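Colleague: Now for the letters of each chain:
Protein chains: 2
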Amino acid sequence: NVIFKNFLKPEFNGNIFPINIKSDKVLGVKGYKSIKDVPDTVDLAVIVIPARFVNSVVEECIEKKVKSCVVIPGGFSECGETERENEMRALVEKSTMRIIGPNCLGVFDTKSHVDTIFLPDEKMGRPPSGKISMISQSGAFVAAMLDWTAYEKIGMGKVISFGNMVDVNNADLLAYLSKDPETKVITMYMEGLKDGKQFLKAASDATKHKPVVILKSGRSKAGAMAASSHTGSLAGADTIYDAAFKQAGLIRTYSSEELFDIAKAFSYQELPKGNKVAIITDGGGAGVMATDACEDWGIELAEFDNKTKTKMKEKFPPYCSVKNPIDLTGDADADRFEVALNAVLEDENVDAILLIVLFQVPTLDESIVKRITEINKKSKKPIIVVSSGGEFTKRKIKELEEEDLPCYQTPERGVRALAAMYQYYQHIQKKTEK
Amino acid sequence: NVIFKNFLKPEFNGNIFPINIKSDKVLGVKGYKSIKDVPDTVDLAVIVIPARFVNSVVEECIEKKVKSCVVIPGGFSECGETERENEMRALVEKSTMRIIGPNCLGVFDTKSHVDTIFLPDEKMGRPPSGKISMISQSGAFVAAMLDWTAYEKIGMGKVISFGNMVDVNNADLLAYLSKDPETKVITMYMEGLKDGKQFLKAASDATKHKPVVILKSGRSKAGAMAASSHTGSLAGADTIYDAAFKQAGLIRTYSSEELFDIAKAFSYQELPKGNKVAIITDGGGAGVMATDACEDWGIELAEFDNKTKTKMKEKFPPYCSVKNPIDLTGDADADRFEVALNAVLEDENVDAILLIVLFQVPTLDESIVKRITEINKKSKKPIIVVSSGGEFTKRKIKELEEEDLPCYQTPERGVRALAAMYQYYQHIQKKTEK
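The listed protein sequences correspond, in order, to chains U and P.
Okay, so the first sequence: first residue is 110 according to the numbering used here, each after it adds one.
Okay, so the second sequence: first residue is 110 according to the numbering used here, each after it adds one.
Just chain U, with the same shape it has in the complex:
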């Protein structure tokens, strides 16, 4: 019911044919007893019936020459019903139809508005359209992340929960998304692999085109056992995964927050052409913490050109620090931020900017957001914003993020995201040199 309603939303423009053996009308839409009765070609069938009936419907879909199929229900290999799953595999292998699933949430696409997620809007928000796509081995992970990105207004592209991979697997999806013009960065949640070689080949190819950020769980011995009972994955030795990911150019993360912190930076900003950062702050403490984080992550503080320092010295009161980190201090105004930003953007020694704006500062007026976003539009260097606070800050962050400035609650998270961008820059440089 929820899935069918998703397709009835005004934003979905395709034709929809409900198939139900019992009724000839579903929520006011003419229904059919079998897919074979549908008086049109069918691009996608979404199967949401008990597992034991699924394969006969899959057969009908193949006869109808349906192009693709999402099989939602569980009750296959994950429950020991391996034969039922093998039967489906045999069917799909003989046909040209492709299947995602079974035992999955299926597909959520912010462009075509295909949405096979069976969680209603009240339980799970739908994120706005954007350039971050996601492939996940866990359905619950997809649900939690869609809900969270909706809340945070993080723009998503195509999101796929692929389940038992009877046909389409994560390597196929990776290959597809790497060529999808709507996708700028790919995120993945993985517990284990069935075909490591195929996946790593796909990953190596994908990272030539765009960054792929991965959260691989089942790292620990106990975690691997838990993964095996969850998705039947053989998690394998983590060091092997780690080395293979590195070689393929995947960016590995260790929590969902880290995954999206990094994806957001890739989605909104240009890559840095080096690891020299300029830190601009109106809170000295945050500048110190950012500097620590830079050392943790192999990001270096740029040495400014003398011209850069002079530009700032001429405009700033003497107690401001024009060395890196630039401390505009607690009476900073929007002018000071603008002078500092322009100065470091013009400095050839600077590859990226970490901009720490504590909006609590009383002298900072509302024009600051506009000034930053205008500068960002012209900037070829990535600007990463750090801003900690409450109500007022959250509103300003929303305004900044709507203009493609990625914002982070702590200096550590901002620096982490920047380090991932530099890691990916190095990876593609190495590939181009070869």
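Keep in mind that a hint or two might mislead.
[Claimed, not checked] Listed next, with one range per pair, are the computed distances between beta-carbon atoms:
| hint | chain 1 | residue 1 | chain 2 | residue 2 | range |
| --- | --- | --- | --- | --- | --- |
| 1 | U | Glu512 | P | Glu475 | 30 to 40 Å |
| 2 | U | Glu404 | P | Glu231 | 28 to 38 Å |
| 3 | U | Ser338 | P | Glu379 | 52 to 62 Å |
| 4 | U | Glu404 | P | Lys303 | 45 to 55 Å |
| 5 | U | Asn415 | P | Ala346 | 27 to 37 Å |
| 6 | P | Ser221 | U | Thr348 | 52 to 62 Å |
| 7 | U | Lys306 | P | Glu231 | 55 to 65 Å |
[To be verified] Reference listing, derived: stretches of chain P covered by chain U, where coverage requires no fewer than 3 residues with Cβ under 8 Å from a Cβ of chain U:
| hint | region |
| --- | --- |
| 8 | 228–234 |
| 9 | 467–478 |
[Unchecked claim] Straight-line C-alpha distance at most 20 Å; calculated SDA-like pairs for lysine to any residue:
| hint | chain 1 | residue 1 | chain 2 | residue 2 |
| --- | --- | --- | --- | --- |
| 10 | P | Lys503 | U | Phe501 |
| 11 | P | Lys310 | P | Lys262 |
| 12 | U | Lys503 | P | Phe501 |
Hints were generated in silico from the structure; no laboratory data involved.
As the structure is a prediction and not an experimental result, all values here were calculated from the model.
Ideal placement from N, C-alpha and C gives every residue a C-beta, glycine not left out.
Dock chain P against chain U, hints included.
Modeller: Frame of chain U, contents of chain P only:
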């Protein structure tokens, strides 16, 4: 003006006497030209005038036998005006009056409603009353954290930005808060120490009474240099700090989020009596990630008693996992959560519970919050909640946190908080044995 208005708020019950050389009425309240004219004894003077006039007013306060003084303005040693600060030190040393500052935000106390923070409510929220107190070397850090805890509705006790420490220093404040009955956990932000011995003595004493969680920046070489230009701190070799903190029983953190994640757990829950955790989840993936995080942080998965497993097996469908992590799966309802929670709480092999509730699950009705909070009220073991999501989830999290259940966005953050509790439990055990 902002500070004076803070004291005019209805929640502040003391008498207030504005001192202003130019006017005999300030915002409708009778004013005095000098503190010496005030017709009453004075507990606290807040000095908010330009630096060059401060010392003469401090002298007057001493003559008036004012008990304590908060000096807000900068313009002292941090700007090279060392002599001005030494003069103040000489004055206060000869008297019984105590001074916090100069160059600070001063004091925010959710009980007495003393609030010397010069940031208005529109710019910085004020958190609700609670048991987390804070001592900070950085004023901007205090402002950002008060604003953020207000937004997150994290209850705070006493918050002190101490500035240049002309008299009262962080060791004094630590000693005070360790005996303050309103404070259950102390958080600190530090860039460097002036008197290491005195501080570590105070820290060792404080951790006998309550947990102290610290964020020490200036860890890296570049960070230490930045700290020196911010607060004039000699950050010193980080390994020395690290060892000293460990010996004193301080819990060290590396970001403001980690600091408050841990403080929240201490504030709301009992200490675990061991490191054996039971993980309960309705999302398999989150269970796997939690298991990984446990291994990272030295938390072990409890081996359940057979009785415990039987209690669950009797009530659960066969596809639920009753081994640790307990996977209630994506069709979990509130009953299942209740059965699992009660079963593991009664199991002697379990010291703590990590409860992962993904509220997106369609079968989970709203009674779940009440069931969890009722069980929590009777529980002697800590319950840590992990819940990722959007609008709906955030509402449920607020309800849970109001009933003292600490909630975390990711399994990693929840496990980190639990590990800190176990670390502190071990520390006090060792102290008691001696």
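Colleague: Taking the hints in turn, state whether each one holds.
Modeller: Against the structure, the hints come out as follows:
1. A beta carbon spacing of about 38 Å between Glu512 (chain U) and Glu475 (chain P) agrees with the range 30 to 40 Å that was offered as a hint.
2. Taking the beta carbon of each, Glu404 (chain U) and Glu231 (chain P) are about 36 Å apart, inside 28 to 38 Å as hinted.
3. Taking the beta carbon of each, Ser338 (chain U) and Glu379 (chain P) are about 30 Å apart, not inside 52 to 62 Å as hinted.
4. The hinted range of 45 to 55 Å is not satisfied by Glu404 (chain U) and Lys303 (chain P), whose Cβ atoms lie roughly 24 Å apart.
5. At roughly 32 Å, the beta carbons of Asn415 (chain U) and Ala346 (chain P) sit within the given window of 27 to 37 Å.
6. Between Ser221 (chain P) and Thr348 (chain U) the beta carbon distance is about 56 Å. The supplied range of 52 to 62 Å therefore holds.
7. Checked against the hint of 55 to 65 Å, the C-beta distance between Lys306 (chain U) and Glu231 (chain P) comes to roughly 59 Å, which is consistent with it.
8. Check result for the region 228–234 of chain P against chain U: holds, 6 residues qualifying (beta carbon to beta carbon below 8 Å, three or more required).
9. Closer than 8 Å: that is the beta-carbon criterion, and the region 467–478 of chain P has 5 residues meeting it against chain U, so the requirement of 3 holds.
10. At roughly 18 Å between alpha-carbon atoms, Lys503 (chain P) and Phe501 (chain U) fall within 20 Å of each other, so this suggested pair holds.
11. Restraint check for Lys310 (chain P) and Lys262 (chain P): not satisfied, since their Cα atoms lie roughly 33 Å apart, outside the 20 Å limit.
12. Between Lys503 (chain U) and Phe501 (chain P) the alpha-carbon distance is near 18 Å, which keeps this suggested pair within the 20 Å criterion.
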